[in-house]
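*Asks:* Here are the chains, one letter per residue:
2 protein chains.
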Amino acid sequence: MQSKLLSRRDVEFLLYEWLDVEALARRLRFHDHNRESFDAAIDTAEQIATELFAPHNKKNDQQEPHVGPGGVVQIIPEVKQALDAFSAAGLMAAGQDYEMGGMQLPYTVERVLAGYFTAANVATAAYTFLTMANANTLLKCGTAEQIEAYVKPMLEGRYFGTMCLSEPQAGSSLSDISTRAEPDGEGRYRLSGNKMWISAGEHELAENIVHLVLAKIPGPDSKLVPGVKGISLFLVPKFLPGGERNDIALAGLNHKMGNRGTTNCLLNFGEGSRRPGGKPGAVGWLVGQPQQGLANMFHMMNEARIGVGLGATMLGYTGYLHALDYARNRPQGRHPAAKDPSAPQLPIIEHTDVRRMLLAQKAYVEGALGLVMYSARLVDEQHTAEAPEARERATRLLEFLTPITKSWPSQWCVEANSLAIQVHGGYGYTREYNVEQFYRDNRLNAIHEGTHGIHGLDLLGRKVALQDGALFKSYAAELRATVSRARAADGGELAGHAGALDAAWSRVEEVTRALYAAGDMNKTLANATVYLEAVGHVVVAWIWLEQALVAARAAPDDFYLGKLQACRYFYNWELPKVHSQLDLLASLDTTTLDMRDAWF
Amino acid sequence: MQSKLLSRRDVEFLLYEWLDVEALARRLRFHDHNRESFDAAIDTAEQIATELFAPHNKKNDQQEPHVGPGGVVQIIPEVKQALDAFSAAGLMAAGQDYEMGGMQLPYTVERVLAGYFTAANVATAAYTFLTMANANTLLKCGTAEQIEAYVKPMLEGRYFGTMCLSEPQAGSSLSDISTRAEPDGEGRYRLSGNKMWISAGEHELAENIVHLVLAKIPGPDSKLVPGVKGISLFLVPKFLPGGERNDIALAGLNHKMGNRGTTNCLLNFGEGSRRPGGKPGAVGWLVGQPQQGLANMFHMMNEARIGVGLGATMLGYTGYLHALDYARNRPQGRHPAAKDPSAPQLPIIEHTDVRRMLLAQKAYVEGALGLVMYSARLVDEQHTAEAPEARERATRLLEFLTPITKSWPSQWCVEANSLAIQVHGGYGYTREYNVEQFYRDNRLNAIHEGTHGIHGLDLLGRKVALQDGALFKSYAAELRATVSRARAADGGELAGHAGALDAAWSRVEEVTRALYAAGDMNKTLANATVYLEAVGHVVVAWIWLEQALVAARAAPDDFYLGKLQACRYFYNWELPKVHSQLDLLASLDTTTLDMRDAWF
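Sequence order for the protein chains is A and B.
Positions 1 to 600 (our numbering) are the ones given, in order, by the first sequence.
Positions 1 to 600 (our numbering) are the ones given, in order, by the second sequence.
Among the hints, erroneous ones may be present.
[As the list claims (entries may be wrong)] In silico SDA-like pairs for lysine to any residue, Cα to Cα no more than 20 Å straight-line:
| # | chain 1 | residue 1 | chain 2 | residue 2 |
| --- | --- | --- | --- | --- |
| 1 | B | K229 | A | A343 |
| 2 | A | K58 | B | T430 |
| 3 | B | K523 | A | A337 |
| 4 | A | K339 | B | R462 |
| 5 | A | K4 | B | D597 |
| 6 | B | K339 | A | S172 |
| 7 | A | K523 | A | L466 |
| 8 | B | K577 | A | D589 |
| 9 | A | K59 | B | L253 |
| 10 | A | K577 | B | A500 |
| 11 | B | K59 | A | A337 |
| 12 | B | K80 | B | E207 |
FYI, nobody ran anything at the bench for these hints, they're computed from the structure.
Keep in mind it's a predicted model, so treat the numbers as computed, not measured.
Isolated chain A (complex conformation) (with noise of 0.2 Å):
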């Protein structure tokens, strides 16, 4: 049965005929592999994630984690076993060195084995997200006793890592945060304050969890400093090095709509020590230089923000391939000219308009993916490239495109699970069935890791600005050249394509100008989620162009083809929406600015 999580015919187009993923097994870093091996971690990743993920994914929905006897979060025990397996086939370290325990792949391969997981079961992966997040920094920022005594063990699969940036107070405004650090004379920290919407903040999953708390250490007058500049980062575990608990006290699971089998948390530091005698605050080490917590933790923060649009692509992936499943199975209705009542019904994929919902979840979800695909591969040239202008090409490409890389799968890829849900009626808003889950784990993602408007504002208001403009101007020949490709290779249809790419893209350039023009900030950044999203849309065509330019390369068959008319239903159906978003851009409209709260 051909598996309902990811096409493998899609992996391999994307990894071998378009990204060119063997081409990395020339570098020294990876020179220990190549295609056969990159297979074998891919089977290995999507039999786990097949046999051990995919099954307990309604249950730990439906039987989400709670509070039990003792403040004991009680979770379904197929969720220790599923991560278990995990680590024990080495996965938790599959993009480390060698001498962590790794296994050297290249990042792109890594986001591969990741995105098998996230279709199986966001709920369960996330706490391995989580851990390797968090490994990531430490290994970036940490000494290295940090490293060998918390990275270790998290590589392992013995320690679980959390994130602990936002409070209950401060959300997207993490300059307001006011979780205190006092350093103990010791070279350690006490840490008090609460930290809200920690995913894997409690658990009995691992030895141990490695919280990466964000603080900020009172000045002389013990006061803190305002702003992002006072914050510091943090390692706080669960358990001490002496094995004794430190004062972090799970103050409430949050219940959320979707993602329930990840427990969210509001954890209380040192509130259980501020009893007289104690001694106040959770014990806490400060990673990197102090007052660089933001800047420490962000190292991380493109990678995560990639792994969230991988999570959204993938949920919708999943969704299409479920309904691409019912729509062949499900016999309902006879085409509108047939006049034979008694004559079968047909397989719902039989109706147009079935056709165009699974069009366009196939246009949004492999869209997404090659978007994602895309950016990790600049991951990869980021780190691996030997020529150090490649490496700083792809730097400038990946800081342009994460908003969108993010964004754009967490929008449209909902859109998808949402037609997920229409093609199977009924049946698909129950949850005897698996679409309504995914649509509700989904809506997540453009709230988390920066919402949906604050990524508006890093691309319009900082990304295009950078560098004078260099990262805008880097992708613009990339755009560029795809296009000169497209209409040197066909006279056709591609090079059609090619032109409404390219005359997007120019009205693009052209509305970026008018907006920084306004001479007035307010005003320049008032409809920048409408920029976020016009421009997302141009990305997404070009990278169904890109795809689209391989697949008329080949000798056609029913994958090719199916590629080409996604690609033609992006262009025909999805890209001409941008233009009345450039239209609006284009007049600095300021019907949003201008309401006033007594208006509504």
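Here the structure of chain A is known, so what remains is to put chain B in place on it, guided by the hints.
*Replies:* Chain B only, in chain A's frame:
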């Protein structure tokens, strides 16, 4: 505190300033009424909805009905308390004749009452809507005995009703139903078959449940006539007149993503009595003429569809009011230009992107409510206008608009609910807040009472062509009259909106002609959903211009300025979206029609 269900000021604006509902009181049927009596009825609804329906909305979602000991459906007690209060206030018969114990309220006012209950608790309110629809069907097609025995207790709230159309193998394709109704020779029928998706199909909330069941009477060869022609309508009560339980078994409850508080059932008719010796089949009575079942059921279909549009609207509306309240009270972040990180955080409504999300919600939900109320007003015209031409005109407009009144809110008010979550950030994604439930509840509306795609086929394939285009032309005349009034009344902004509306409608006319000139119904109808969505957006732009014309006439205050700003939003941000859709339709695009199963 301002209601978070519905803005009373907006209701008054729609009823009294725009739709002139007071004029209805001059008609014979409503001559006991006036604005005071309408307002008193609305007060009652608002109070019961607020005090008895809203408080258990979350509880009924979290503790959904389940099958308990002895096969009895367990429902939290608050549901019955709320429904009893609803009936005791006479609301089940609000629109009915005095002789039926009703209040003879206009349908438009009665829809406002219904709106409050849906906003407060869509799952509990569903029991009332189904009962009222059932009663209306019997009043139209039933015998005097049926009305006496079943309608009267329903209008008193002692009996509840259902509509049993779908079967597991026949959802959208009603022609394939296979429930059999065999005459028993004593004027009754014996029904056997399985009915799926039966809302309120089983419960202990009322003394009896009155099922209206579509079934086929076998021919002399004991075969069922294929197609819709063989369908008849039957009244099949849970308890027979002697008090004996009819042979209707609850085969299972469906577990939905939202609307969890309404039982949704698979019912087996006539299964228990198949045992030897028992007379097989559930006992039922024919309603209306044989083989007229679908026509009899569809008498109520326009109103049922307005009901779905209203439900979708109200979930969007209450979500908007929740988001507005949150945005006014949640401090987070500062203006982009603010440099002082120690300045207090701003309420998030101060951020332009949050205002964008609120203004979009306002434009969607107030636009949708306008459309639903306009449609309801047409129902009053259809039933009570004095001149036959006025009734005919109302009927034509209603037939044309109904697919849009059902579908547009079902699409855009879910989008409003998604934006309400987004305004709340992470909190909105948790079940500790209310908006995630609205989002889940609302996703049903594009599925039931005809899926979104089916309404596209209804609009383009049927309504547009009916009576040689007379419905379409009637609506065009309404729209053009509004355009003329806007041009005459206002030389400024509204005249500009009128020009945009006129241009968009001219393109709709052009595209409609082009689609019918395609010469192949498969091609004409291939993109019918896009047609539905594009025409829907133009229709709601028209509704907004209607509202703005009223607002522009009044002395400006915050309320009217808000209406004008929302209208501006719709014309600057929303209406321009239709042009890429109309271009696609004009091109007779066959991308989805040409897509093949094997290419997916």
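*Asks:* When you check the alpha-carbon spacing of K59 (chain A) and L253 (chain B), does it fall within 20 Å?
*Replies:* Holds - the C-alpha atoms of L253 (chain B) and K59 (chain A) are around 18 Å apart, at most 20 Å.
*Asks:* Against the 20 Å threshold, does the CA-CA distance of K523 (chain B) and A337 (chain A) hold or violate the hint?
*Replies:* Given pair K523 (chain B), A337 (chain A) holds - Cα atoms ~11 Å apart, limit 20 Å.
*Asks:* Check whether the Cα positions of K80 (chain B) and E207 (chain B) lie no farther apart than 20 Å.
*Replies:* Answer holds: K80 (chain B) to E207 (chain B) is near 12 Å, not above 20 Å.
*Asks:* Next pair to validate is K229 (chain B) with A343 (chain A); report whether the Cα-Cα distance is within 20 Å.
*Replies:* 15 Å, holds
*Asks:* Quick one, are K339 (chain A) and R462 (chain B) close enough, alpha carbons at most 20 Å?
*Replies:* It holds: about 16 Å lies between the C-alpha atoms, which stays within 20 Å.
*Asks:* Are the Cα positions of K339 (chain B) and S172 (chain A) separated by 20 Å at most?
*Replies:* 17 Å, holds
*Asks:* Decide if the proposed pair is consistent with the structure: K577 (chain B) and D589 (chain A), CA atoms, cutoff 20 Å inclusive.
*Replies:* Between K577 (chain B) and D589 (chain A) the Cα gap is close to 15 Å, so the pair holds against 20 Å.
*Asks:* Is the straight-line distance between the alpha-carbon of K58 (chain A) and that of T430 (chain B) 20 Å or less?
*Replies:* It holds: about 18 Å lies between the C-alpha atoms, which stays within 20 Å.
*Asks:* Given the proposed pairing of K4 (chain A) with D597 (chain B), does the C-alpha separation stay at or below 20 Å?
*Replies:* 16 Å, holds
*Asks:* Need the status of pair K523 (chain A), L466 (chain A): alpha-carbon distance at most 20 Å?
*Replies:* 19 Å, holds
*Asks:* Is K577 (chain A) within 20 Å of A500 (chain B), Cα to Cα?
*Replies:* The hint holds at about 18 Å.
*Asks:* Has the given pair, K59 (chain B) with A337 (chain A), been kept, meaning a C-alpha gap of at most 20 Å?
*Replies:* With a Cα-Cα distance of about 48 Å, the restraint between K59 (chain B) and A337 (chain A) is violated, given a limit of 20 Å.
The structure shown violates just one earlier hint, number 11.
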